[in-house]
Every structure is written in structure tokens, then in C-alpha cells.
Amino acid sequence: MYSHSSESLIKQAREIQESELQRFYSRLVKLLQGKEFGHETIDSLQRLHLILSATKYTRTLPSELQKKLLSLLLSSSVEQLQVLSSAVLRETLPPSGQELNYNQDTSSPLNSHAAALLLSQTGSRSDLSSLCAQLLRSLDSRSSEGPAHSFTHTLPILNTVLTHSPECLTEDHVTLLNKKLVDWLRYASTQQGGRVSSGGFFTAPRSRQPGPIAELDGTVSGDFFTVLCVGQGFTDDQWMNVYSFSMLRHWLLTYHSVSNGNATADTANRLQLSLSLSHSHSHSNDDRMSEVDGSMVSMVSATSSSSRLLPPKERLREKAFQYCQRLIEQSDRKAHKRTDTDLQKACLVEAMCILDCVCVEDVSLVYRVFPCVKALYGRLSSDLSFARVLLPIAQFYLNHGEMAAVDCECVWKLVFSRFPAELFNDPFLAHELLRFLRLNLGSLQLRVPQYTQSFPNLLKFLAWDSPAAVDDFVDLLPSLVTAGTAIELLHTLLDLPCLSATLVLQLRSTYFPISEPGGRGLLSLEVFRSPTYRGLFLFLLRGEAGSGDTIDRLSTLHELLAEATDWPRVIQCAQTVPVLLHIYLNTVVTVADEKLLAQLILVLLERSSLLLKIPRYIKEIHRVFSCHLLRVCKLHPSLVVDQSHELLEFAGTTANVYSKEEMFTNVVWVLGEYLSVSCDSRCSVELITSCFEALEAVLFEVTSSAPPPGGAHPAPRVITSLMSALAKLASRSHDLIPRVSLFLSKLRTATRGKSVPWCSNEEDLVAIVTRGEELWSLLKAPSVAQSVLTPPPHVTTPQWHRDTNVAMPLRLRALTSLTHSH
Amino acid sequence: MVKCFLIHTVCPVSALTVGESRVLFSRVFGPAVGLQGGDVSPEENRLLQKEKMLAVARQVRSAVVLSREASGRVLVETVPGEEVVALQEADCGVLRLRAGDPFPRETSALWLGVQGLGFTMVCEPHENLLLAEGTLRSLTRDCLENLHLLGPGSEVLLKSDRVDVLLSRLLPHGQLLFLNHRFAQSLEKETAAYMAK
Numbered sequence: 000m001y002s003h004s005s006e007s008l009i010k011q012a013r014e015i016q017e018s019e020l021q022r023f024y025s026r027l028v029k030l031l032q033g034k035e036f037g038h039e040t041i042d043s044l045q046r047l048h049l050i051l052s053a054t055k056y057t058r059t060l061p062s063e064l065q066k067k068l069l070s071l072l073l074s075s076s077v078e079q080l081q082v083l084s085s086a087v088l089r090e091t092l093p094p095s096g097q098e099l100n101y102n103q104d105t106s107s108p109l110n111s112h113a114a115a116l117l118l119s120q121t122g123s124r125s126d127l128s129s130l131c132a133q134l135l136r137s138l139d140s141r142s143s144e145g146p147a148h149s150f151t152h153t154l155p156i157l158n159t160v161l162t163h164s165p166e167c168l169t170e171d172h173v174t175l176l177n178k179k180l181v182d183w184l185r186y187a188s189t190q191q192g193g194r195v196s197s198g199g200f201f202t203a204p205r206s207r208q209p210g211p212i213a214e215l216d217g218t219v220s221g222d223f224f225t226v227l228c229v230g231q232g233f234t235d236d237q238w239m240n241v242y243s244f245s246m247l248r249h250w251l252l253t254y255h256s257v258s259n260g261n262a263t264a265d266t267a268n269r270l271q272l273s274l275s276l277s278h279s280h281s282h283s284n285d286d287r288m289s290e291v292d293g294s295m296v297s298m299v300s301a302t303s304s305s306s307r308l309l310p311p312k313e314r315l316r317e318k319a320f321q322y323c324q325r326l327i328e329q330s331d332r333k334a335h336k337r338t339d340t341d342l343q344k345a346c347l348v349e350a351m352c353i354l355d356c357v358c359v360e361d362v363s364l365v366y367r368v369f370p371c372v373k374a375l376y377g378r379l380s381s382d383l384s385f386a387r388v389l390l391p392i393a394q395f396y397l398n399h400g401e402m403a404a405v406d407c408e409c410v411w412k413l414v415f416s417r418f419p420a421e422l423f424n425d426p427f428l429a430h431e432l433l434r435f436l437r438l439n440l441g442s443l444q445l446r447v448p449q450y451t452q453s454f455p456n457l458l459k460f461l462a463w464d465s466p467a468a469v470d471d472f473v474d475l476l477p478s479l480v481t482a483g484t485a486i487e488l489l490h491t492l493l494d495l496p497c498l499s500a501t502l503v504l505q506l507r508s509t510y511f512p513i514s515e516p517g518g519r520g521l522l523s524l525e526v527f528r529s530p531t532y533r534g535l536f537l538f539l540l541r542g543e544a545g546s547g548d549t550i551d552r553l554s555t556l557h558e559l560l561a562e563a564t565d566w567p568r569v570i571q572c573a574q575t576v577p578v579l580l581h582i583y584l585n586t587v588v589t590v591a592d593e594k595l596l597a598q599l600i601l602v603l604l605e606r607s608s609l610l611l612k613i614p615r616y617i618k619e620i621h622r623v624f625s626c627h628l629l630r631v632c633k634l635h636p637s638l639v640v641d642q643s644h645e646l647l648e649f650a651g652t653t654a655n656v657y658s659k660e661e662m663f664t665n666v667v668w669v670l671g672e673y674l675s676v677s678c679d680s681r682c683s684v685e686l687i688t689s690c691f692e693a694l695e696a697v698l699f700e701v702t703s704s705a706p707p708p709g710g711a712h713p714a715p716r717v718i719t720s721l722m723s724a725l726a727k728l729a730s731r732s733h734d735l736i737p738r739v740s741l742f743l744s745k746l747r748t749a750t751r752g753k754s755v756p757w758c759s760n761e762e763d764l765v766a767i768v769t770r771g772e773e774l775w776s777l778l779k780a781p782s783v784a785q786s787v788l789t790p791p792p793h794v795t796t797p798q799w800h801r802d803t804n805v806a807m808p809l810r811l812r813a814l815t816s817l818t819h820s821h
Numbered sequence: 000m001v002k003c004f005l006i007h008t009v010c011p012v013s014a015l016t017v018g019e020s021r022v023l024f025s026r027v028f029g030p031a032v033g034l035q036g037g038d039v040s041p042e043e044n045r046l047l048q049k050e051k052m053l054a055v056a057r058q059v060r061s062a063v064v065l066s067r068e069a070s071g072r073v074l075v076e077t078v079p080g081e082e083v084v085a086l087q088e089a090d091c092g093v094l095r096l097r098a099g100d101p102f103p104r105e106t107s108a109l110w111l112g113v114q115g116l117g118f119t120m121v122c123e124p125h126e127n128l129l130l131a132e133g134t135l136r137s138l139t140r141d142c143l144e145n146l147h148l149l150g151p152g153s154e155v156l157l158k159s160d161r162v163d164v165l166l167s168r169l170l171p172h173g174q175l176l177f178l179n180h181r182f183a184q185s186l187e188k189e190t191a192a193y194m195a196k
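Top to bottom, those sequences are chains A and B. Using numbering that gives the first Met the number 0, you'd call the opening residue of the first sequence number 0 and step up by one each time. Using numbering that gives the first Met the number 0, you'd call the opening residue of the second sequence number 0 and step up by one each time.
For the record, the hints were derived by calculation from the structure and aren't laboratory data. All values derive from a computational prediction rather than experimental measurement. Don't take every hint at face value.
As the list claims (entries may be wrong) - Each computed EDC-like pair below joins lysine to aspartate or glutamate, with the alpha-carbon atoms no more than 20 Å apart: (1) K51(B) - E90(A); (2) K158(B) - E39(A); (3) K196(B) - D42(A); (4) K344(A) - E132(B); (5) K158(B) - E90(A); (6) K10(A) - E50(B); (7) K49(B) - E6(A); (8) K51(B) - E154(B); (9) K196(B) - E39(A); (10) K618(A) - D565(A); (11) K188(B) - E78(A); (12) K179(A) - D236(A); (13) K10(A) - E19(B); (14) K49(B) - E14(A); (15) K55(A) - E42(B); (16) K55(A) - E50(B); (17) K196(B) - E35(A); (18) K158(B) - E6(A); (19) K55(A) - E43(B); (20) K373(A) - D425(A); (21) K49(B) - E35(A); (22) K55(A) - E19(B); (23) K158(B) - D42(A); (24) K336(A) - E132(B); (25) K29(A) - E6(A); (26) K10(A) - E154(B); (27) K196(B) - D565(A); (28) K158(B) - E78(A); (29) K336(A) - E187(B).
What the hints assert, rightly or not - Derived CB-CB ranges, DEER-like: (30) R67(B) - D236(A): 39 to 49 Å; (31) Q87(B) - E408(A): 35 to 45 Å; (32) K196(B) - R136(A): 25 to 35 Å; (33) E42(B) - P797(A): 28 to 38 Å.
All residues carry an ideal CB built from backbone N, CA and C; glycine is no exception.
Build out the structure end to end from the sequences listed, making use of the hints.
Structural data, given as C-alpha cells:
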């Protein structure tokens with residue numbers, strides 16, 4: 000595949016010496032001056048392209064060479080030379096000071112490769128406008144000579160221009176193109192084109208007549224030509240039909256959604272016309288119901304007689320509608336080739352998008368379009384292989400369902416229940432469904448109540464393919480956080496790696512329904528299938544929220560899935576959970592009341608020891624927890640007193656110092672900071688004392704013995720935060736001060752000149768002891784100690800502009816800087 | 000509309016750092032110069048363009064590597080002649096490129112990983128991805144066959160005009176086409192005539 004020789008070629012191309020390059024240029028100029036172009040010329044041009052494109056720094060060609068290449072591009076009849084010169088010129092800069100002027104030759108139309116060069120180097124809107132004008136002129140007066148594709152590139156070029164600067168086309172251009180598109184889409188020839196291969200030496204002249212076009216299943220076509228029609232060869236306008244349909248959606252989106260100047264009169268007229276049209280249609284609609292499928296009688300075009308009254312834009316809309324209807328009909332036929340079946344699906348998607356676009360523009364069309372869409376939905380909803388087609392249908396229902404008063408329940412059930420549960424491993428469906436959610440977040444939250452309840456299902460996309468889906472979930476997760484389901488969502492997020500493992504097992508179970516005897520059988524697969532543990536897995540695989548926050552036997556589940564902790568998919572999933580947790584915790588504080596936040600703190604404390612044992616996962620989660628615990632308590636300090644029992648339990652367990660260091664530090668800090676009467680009036684002396692005693696016990700234990708085998712020394716921060724917390728608590732209840740002082744002086748003596756088992760680094764030890772000394776001396780003045788250790792808010796968050804003494808100078812300074820002009 | 004098409008490496012390349020990708024072919028459709036004005040010189044523009052291609056290639060490379068790691072499938076080496084098999088075994092996926100990373104507006108990058116090479120097509124997000132997927136597969140198959148990519152040669156570098164011609168037929172100026180098998184056959188005949196030269 001990618002070999003050493005390719006690598007060395009690129010190296011050579013980049014490092015070619017300037018002198019050698021100049022020699023190469025002159026040789027090439029000489030070659031190009033000849034009449035005939037042989038292999039050497041082609042090879043040299045290819046090498047030139049490689050030299051230019053291999054480096055990101057631009058090389059300038061000598062002007063003679065550049066001019067020669069340009070004339071080759073414009074006038075050569077050999078396509079290879081056109082392609083090569085276009086490619087080479089695209090890699091270099093346009094000649095300086097000269098405008099690209101191709102307008103002289105109106106006789107010979109611009110070939111596709113020259114147009115590509117022009118498009119890529121065009122410098123201004125006026126250039127693009129003149130290109131468009133020239134192209135449209137050539138379209139209008141096109142000759143029937145030349146290969147079929149000499150002007151088919153016109154539409155793609157126009158489409159490119161539309162993408163980058165739609166205002167390059169004037170009103171007249173737009174009208175002209177509207178008319179042309181109608182012609183090509185609706186009135187293309189229905190006879191096969193091109194030269195029909197003659198049957199043999201003795202064929203009669205009659206059999207050389209091209210026959211009518213056919214459908215994909217072989218039957219003869221009974222209606223107008225579309226992209227789903229086949230023939231032995233194709234006429235020019237049939238090619239233009241393909242190109243027109245390919246750009247139709249973009250055209251409609253760009254020009255038709257721009258509202259007209261004279262709105263009201265126009266709309267009234269349109270409404271009248273379309274109502275009259277729909278009246279004439281309604282009768283044929285009823286007749287249609289009794290038609291046999293696959294009949295040759297046209298169902299679509301029989302009703303279009305009155306549309307000639309419409310202006311070009313509206314006429315195009317009408318024809319687009321008819322084209323889409325026909326495509327939907329044609330997609331029901333069984334195509335012979337696999338690629339055609341795929342094309343039918345793509346056509347259905349495109350048709351739905353165009354119908355949606357057309358209905359958004361002209362709301363009265365909804366009543367005509369909906370029966371068609373409903374029928375299509377009915378046809379496809381039970382077949383999961385059409386899932387990607389059902390998404391644009393869901394979009395249509397979301398946009399217009401309310402207006403047409405149609406019940407959309409079944410659609411949402413499909414999108415939120417079936418698709419994620421059964422198709423989570425289809426990367427394209429996942430991408431499109433998540434995109435659909437992102438784009439319609441507002442409407443979904445309003446109109447589809449089951450959206451916020453369906454997060455267990457939606458998270459399956461993330462659990463399966465985290466790298467691809469995490470970006471979308473960063474945007475979607477905030478909308479899934481509601482007060483009612485917040486706790487369940489938290490548990491689900493924490494157990495996402497378990498869900499990932501379960502999905503792997505589920506798929507493996509389907510592919511290998513019978514256990515391999517003595518093979519590479521997975522223990523977890525056995526477990527997955529066993530009825531004893533079925534309930535655990537079924538809970539993880541649930542589709543909707545509301546059946547409980549989490550399971551009781553979580554630790555059992557984690558043990559059972561121990562094998563899965565080194566599966567790449569599970570590891571990738573585990574890497575995305577901390578990010579999502581951050582987002583979740585940032586969002587939940589905005590929707591939760593204090594009661595919910597209290598519950599949240601409990602969950603954080605509880606789950607810190609209940610996580611799937613993936614090496615770095617636990618550490619990362621603890622980091623997120625500790626950061627957010629701190630933030631929540633800072634926002635609602637009274638929570639600390641509220642949940643003091645659980646917080647104390649956590650802080651009083653010495654093992655937590657070693658296994659959950661970060662969390663422990665922060666819990667101790669919040670206890671020290673917020674367990675006071677000023678934060679919550681329920682705080683009593685007994686509470687402070689019991690907290691003090693618990694922390695004191697831990698501190699004593701930690702500083703008197705070595706860490707448990709296999710554990711690391713606690714970071715100095717843990718010790719100092721314990722000491723500070725004790726000091727803060729003591730400053731609020733002065734009876735405790737002697738105890739703290741005693742401990743701190745004992746610490747000083749114990750560490751003087753000796754090494755201690757609980758701290759390995761001498762610098763750390765010095766820092767700890769220094770801190771201890773500071774606290775000890777501070778506590779000698781109890782009243783000062785309280786305000787130093789826990790300063791009141793007006794000291795920590797000064798609002799100087801409110802202070803009568805400080806405010807004036809500040810105001811004057813501000814006014815001066817505003818009024819002084821520089 | 001398709002913004003660009005790339006062929007790049009997804010296997011480790013000794014001359015590059017880990018995670019980098021070598022872009023073997025890139026084609027951007029549409030104006031290279033931003034029409035929003037500003038005083039970016041054409042050279043800077045070209046440089047910017049190349050860097051954007053590298054950025055896309057890098058992101059796709061990591062997506063391919065992660066996807067292969069997660070699926071745990073063993074890469075089977077195929078030889079020239081087995082293009083259809085190679086395509087069937089290829090990993091495929093789609094990546095969301097956020098606005099600004101690296102294109103000004105949000106785009107979707109569809110990719111096919113055929114052994115050591117990645118074929119990437121960057122589309123506007125509202126594009127018909129079913130059609131784009133089909134087009135990418137046809138394009139990849141044609142590239143594999145016409146450039147003998149399953150073999151050790153360097154035709155992708157020396158015969159890049161072939162890819163340009165394929166693009167001009169299947170993806171003219173970045174336009175995705177609804178081609179049924181008859182239209183596709185007709186185009187194939189034309190390109191076969193070109194490749195035979």
C-alpha cells in the first residue's frame with residue numbers, strides 16, 4: 000500500500016534543487032512547444048504536479064511555462080493534457096497583476112477542467128458573476144454537437160457558486176434557471192437515447208429505433224423520466240435530468256427560502272392557486288387509492304394541467320413535488336442490482352428532504368404531501384434496513400405534524416426506542432440520529448416528552464462508539480438533565496463502561512448463540528446468558544428512565560464484568576465519562592434544588608467506591624467528584640450541615656485517606672469551612688465537637704504509622720487540610736483549642752530531627768510542620784483566629800464600589816478614562 | 000456539496016511522528032480564496048488549505064485507529080486483484096468536524112479505511128450521506144483498481160490525473176450525483192477509455 004518508494008518520491012520532490020528545477024522547467028517548455036505530445040510530455044507534467052503538490056510552500060512557475068499550460072488547458076482537445084494542466088495550475092498561484100480573463104472565447108465553451116481552475120483561483124465576486132453569466136448564456140443557446148457532458152458541468156459549477164456566494168446570480172439568472180430546471184426535471188425525453196447497439200448483421204432498420212425507458216425492475220416506464228429510470232443509452236436532456244435533481248435541494252434551499260419583497264399579495268395568490276390545485280387533486284387522490292400498484296397509468300402527472308399558471312419559482316416547486324412523489328412510487332419496485340437498491344434509499348432520503356423544504360416554503364402544500372409521506376412511513380416503518388430513510392420522515396413529522404394534526408407517537412417510538420436499542424452499532428445511523436437531535440433540540444423538548452426519558456437508550460450510541468459520539472453528546476447532554484431523572488442519569492453515566500461491555504456481550508451473544516465448547520469462551524458471556532444475573536443486564540439495557548435509579552447489586556455486576564476492563568471498547572468509553580460528568584455536574588446545579596443537591600452529594604460519596612475497576616478510570620472520576628463536591632458546597636454551604644452525618648462518615652474513615660485522597664481532602668475542607676452557625680443555624684456545639692473528634696482520630700492515625708502495604712504516602716495537602724480543618728472547628732468552639740494545640744506541639748517534637756514513617760520527603764515534612772506552627776500560634780489568640788481562618792464574606796469577596804470610602808476614587812478614575820479621548 | 004476528497008495514510012509512517020498522516024492526494028472543490036475578503040495572500044491561502052487537509056487527515060487517522068482497536072478485527076492483507084474483497088473488509092465511519100475545526104462551518108467527514116490507506120470525503124452536514132457513502136465506495140473502488148493501490152507502486156503520486164478524472168465524472172466540482180447502474184456504466188466506459196491511454 001504505502002511503500003518506501005512513495006515516501007522517497009515525496010522526499011525527492013520536496014528537496015529538489017533550484018537549479019535542477021529550472022532545468023526541468025525549460026525542458027518542459029521545449030516539450031510543450033511541439034505539436035505532438037508523447038509519453039515524455041505526460042510523464043514530465045505528472046512529475047511537475049508531484050513537485051508542486053508535495054510541499055505546502057508555493058513554488059512559482061516561470062511565466063512562459065505558465066502561459067503555455069494555460070493555453071493547453073483552454074485549447075487542447077486531449078483530455079489528459081487538460082486534466083494535467085488544470086492540476087498543475089491549481090497548485091500554483093495565478094499570474095500576478097493579471098485577472099483571469101476567459102471571457103474572450105464565447106465560441107468555444109469553457110471545458111470542465113478549465114472551469115475548475117477558474118473556480119479555485121477566483122478572487123472576487125465579480126469574477127464569479129461573469130463566469131455565471133457566461134455559463135448561463137451557453138446553457139441557453141447550447142448546440143447539440145459535442146459530447147453529452149460538454150455542458151453538463153454547468154450545473155455543478157453553478158451549485159458551487161451558490162454554496163460560496165449566492166448573490167452572484169441575478170434575478171434574471173434565477174428565473175432562467177428555474178425554467179430550465181422545470182424543463183429538465185419534468186419534460187426530459189422518455190425514449191432511450193444514444194446509439195442502440197445493433198443486433199447483428201441482419202437487423203432490420205426498424206429494430207434500431209430506441210425503445211422507451213424502463214424502471215429498475217425491468218417494466219416499461221409509464222411516466223416521466225427520473226433518476227430511477229434506465230435505458231441502453233441516454234439523451235442529453237436525460238443527463239441534465241440527473242444533474243438537475245442532484246442539485247435541486249440545494250437550489251430550493253438557497254433561493255426559495257429567501258422571502259420575496261411583496262409578501263402579502265403574493266402569498267394570497269399562491270394560496271388561492273394551490274387551494275384550487277388541491278381541489279382538483281383531491282378527487283384523483285380518492286381514485287388513486289383503488290389503483291393497483293405497479294400499473295402503468297401515471298398517477299402523478301395527470302393532475303398537473305393547471306400548474307402552467309404559476310410563476311417559475313412556484314412552478315418549480317410544484318414540479319419538484321411531483322418528481323419526489325414519483326421517486327417514492329418508484330422506490331417500491333424491486334431493483335435488480337444492489338447498487339440500485341441503495342440508490343433507491345438515497346432517493347427516498349432526498350425526496351423527503353425536498354418535500355420538507357417545499358412544505359416549509361409553501362405551507363399549503365402540507366395537506367397534499369402528508370398522505371404520501373404517511374403511506375411511505377407505513378411501508379417502511381417495520382423494516383430496520385430503512386432506518387436512515389425514516390429519519391428525514393421523522394424530521395418531516397416534527398416540522399409539519401402539528402400543523403396537519405397528525406399523531407406522531409409511533410414515529411417517536413421508532414426513533415427513541417427501536418433505533419438506539421437495535422441499531423446502536425451502525426455508525427452512520429448514529430451520526431445522523433444524533434445530528435437530528437442536535438438540530439431539533441428546541442422542538443423535541445417542547446413536543447416530544449419521551450426525549451428526556453430516553454437517555455438510557457441514547458447513551459447506547461455513546462457506549463458503543465465513544466470517540467465518534469462524544470462530540471455530539473457534549474452538546475446534547477445538558478438537555479437530558481432534568482430534575483426528575485438527574486440521579487438516574489448520574490448512575491447511568493458512571494456505569495457507562497458497564498453498558499459498553501454489556502452491548503459487546505449482547506452482540507456476541509447474537510452472533511454466537513451456542514457456546515463454543517472449550518473454545519475461547521468468555522466468562523462474562525456465560526454470565527450474560529445465565530438467568531441468575533439476567534436482571535442486572537436487563538436493567539443496563541433498558542430503554543427508558545423511570546424504573547429505578549440503579550440496581551442494588553452493583554458490586555456484583557462490577558465483579559462479573561472484571562474481564563471486560565481491558566477490552567478496547569470499554570476503555571475508550573471509560574475515557575469519555577469524566578468529560579461528560581463535568582458537563583452533567585455543571586448543568587445539574589442549574590436545575591436542582593437543595594434537596595436534589597443533597598441527594599447528589601450522597602450519590603457522589605457512595606459511588607466513589609462503587610466503580611468498575613478500570614485502572615485510570617477510578618482516579619479520574621474521583622478527581623471530577625472532588626472538584627464538583629467543592630463547587631456544590633460553595634454554592635450551598637448549608638448542605639454541609641445538612642449532610643454532615645454522611646460527610647463525617649466519609650471523612651472519619653482512615654482508609655479513604657489512602658484510596659480517595661483528592662475527595663478526602665475536599666470533604667475535610669468543606670467540613671472545616673462550612674460547619675458553622677453562620678452557614679446554617681442548625682449547627683450545634685455537639686456537631687462541631689463530634690466532627691472534631693472524628694477528624695482528630697484520623698489525623699492521629701495517619702501521623703503515627705506508615706501507610707498500609709501497597710499504599711503511597713499521603714500528600715502533604717491531606718495532612719495540612721486536616722490540621723486546618725481542626726483549627727477552624729476549634730476557633731468556633733474554644734474548648735477544643737487546647738486539644739489542637741497539644742497535638743500540634745506534639746507533632747513538632749515528634750518530627751524534630753527525625754524521619755517519620757508517614758512522610759518520605761523532607762521538604763514536605765518541613766512544610767507540614769511550618770503550617771502546624773502557624774496554626775498553633777494563631778490559636779493562641781482565639782477571637783482573631785476565627786476571623787483569620789474563616790473570614791466573613793465581605794472580606795473574601797470585596798465589592799469595593801460599595802464601600803463609601805473606596806468608591807469615590809474608583810468612580811472618578813472610571814469617568815476619567817471614559818471621557819478622555821486618546 | 001463535497002468540500003474535499005483526500006487519500007492519506009492511516010498506518011504508521013516512519014518519517015512522521017505518531018498520529019501524523021501523509022496526504023497522498025487531495026482535491027478541494029470550490030474557491031480556495033475566502034470570498035469574505037481580508038488580506039490573506041494567495042500563498043498564505045494555499046498554505047492554509049494544505050494545513051486544513053493535514054488536520055482532516057490527522058483526525059480521520061485517529062478515528063480509523065480507534066475504530067479498528069475497538070472492533071478488534073485483524074487486518075487481512077489483500078493483493079492486487081482482490082479490490083472487491085478489500086473494499087468489503089474496509090472499515091467505514093463518519094466523523095463530525097466542528098465549526099472552525101478546520102473548516103469555518105460544521106462538516107461531516109466520511110471515511111473508508113482500506114488497510115494502510117484512508118479515503119476521506121468531507122461534506123456539508125445537510126448533504127445526503129447515504130448518497131455520499133455510495134459515491135465514496137465507488138470512488139474508492141475505482142481508485143484501488145486504477146491506481147493499483149493494493150500493490151507496492153507509487154501510482155497514486157505519479158498518476159494523480161487519474162483520480163482527477165474519476166472525480167470529474169463521479170463528483171464533478173464536488174457535486175454528488177444520483178447515478179443508477181446504467182448511468183454509472185456509461186461513465187465507467189468513458190473513464191476506462193481514458194485510463195487505457
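Verification of the supplied hints:
1. K51(B) - E90(A): It holds: about 15 Å lies between the C-alpha atoms, which stays within 20 Å.
2. K158(B) - E39(A): Given pair K158(B), E39(A) holds - Cα atoms ~13 Å apart, limit 20 Å.
3. K196(B) - D42(A): holds, 12 Å
4. K344(A) - E132(B): Measuring from Cα to Cα gives roughly 12 Å; hence the hint holds.
5. K158(B) - E90(A): holds, 16 Å
6. K10(A) - E50(B): Cα-Cα ~18 Å, so holds.
7. K49(B) - E6(A): The hint holds at about 18 Å.
8. K51(B) - E154(B): Violated - the C-alpha atoms of E154(B) and K51(B) are around 24 Å apart, more than 20 Å.
9. K196(B) - E39(A): holds, 13 Å
10. K618(A) - D565(A): holds, 16 Å
11. K188(B) - E78(A): holds, 15 Å
12. K179(A) - D236(A): Since the Cα atoms of K179(A) and D236(A) sit roughly 11 Å apart, the hinted pair holds (cutoff 20 Å).
13. K10(A) - E19(B): Within the cut-off at roughly 16 Å; holds.
14. K49(B) - E14(A): holds, 18 Å
15. K55(A) - E42(B): Within the cut-off at roughly 9 Å; holds.
16. K55(A) - E50(B): holds, 8 Å
17. K196(B) - E35(A): Given that 20 Å is the threshold and the Cα spacing comes to 15 Å, the pair holds.
18. K158(B) - E6(A): holds, 15 Å
19. K55(A) - E43(B): holds, 10 Å
20. K373(A) - D425(A): With a Cα-Cα distance of about 25 Å, the restraint between K373(A) and D425(A) is violated, given a limit of 20 Å.
21. K49(B) - E35(A): violated, 35 Å
22. K55(A) - E19(B): At roughly 15 Å apart (the allowed maximum being 20 Å), E19(B) and K55(A) satisfy the hint.
23. K158(B) - D42(A): holds, 9 Å
24. K336(A) - E132(B): Distance of about 17 Å is within 20 Å: holds.
25. K29(A) - E6(A): violated, 30 Å
26. K10(A) - E154(B): holds, 16 Å
27. K196(B) - D565(A): violated, 53 Å
28. K158(B) - E78(A): holds, 14 Å
29. K336(A) - E187(B): Status holds; Cα separation ~16 Å.
30. R67(B) - D236(A): 39 to 49 Å: Once the Cβ atoms are compared, 46 Å apart, the range 39 to 49 Å for D236(A) and R67(B) holds.
31. Q87(B) - E408(A): 35 to 45 Å: holds, 39 Å
32. K196(B) - R136(A): 25 to 35 Å: About 33 Å separates the Cβ atoms of K196(B) and R136(A), which means 25 to 35 Å holds.
33. E42(B) - P797(A): 28 to 38 Å: violated, 53 Å
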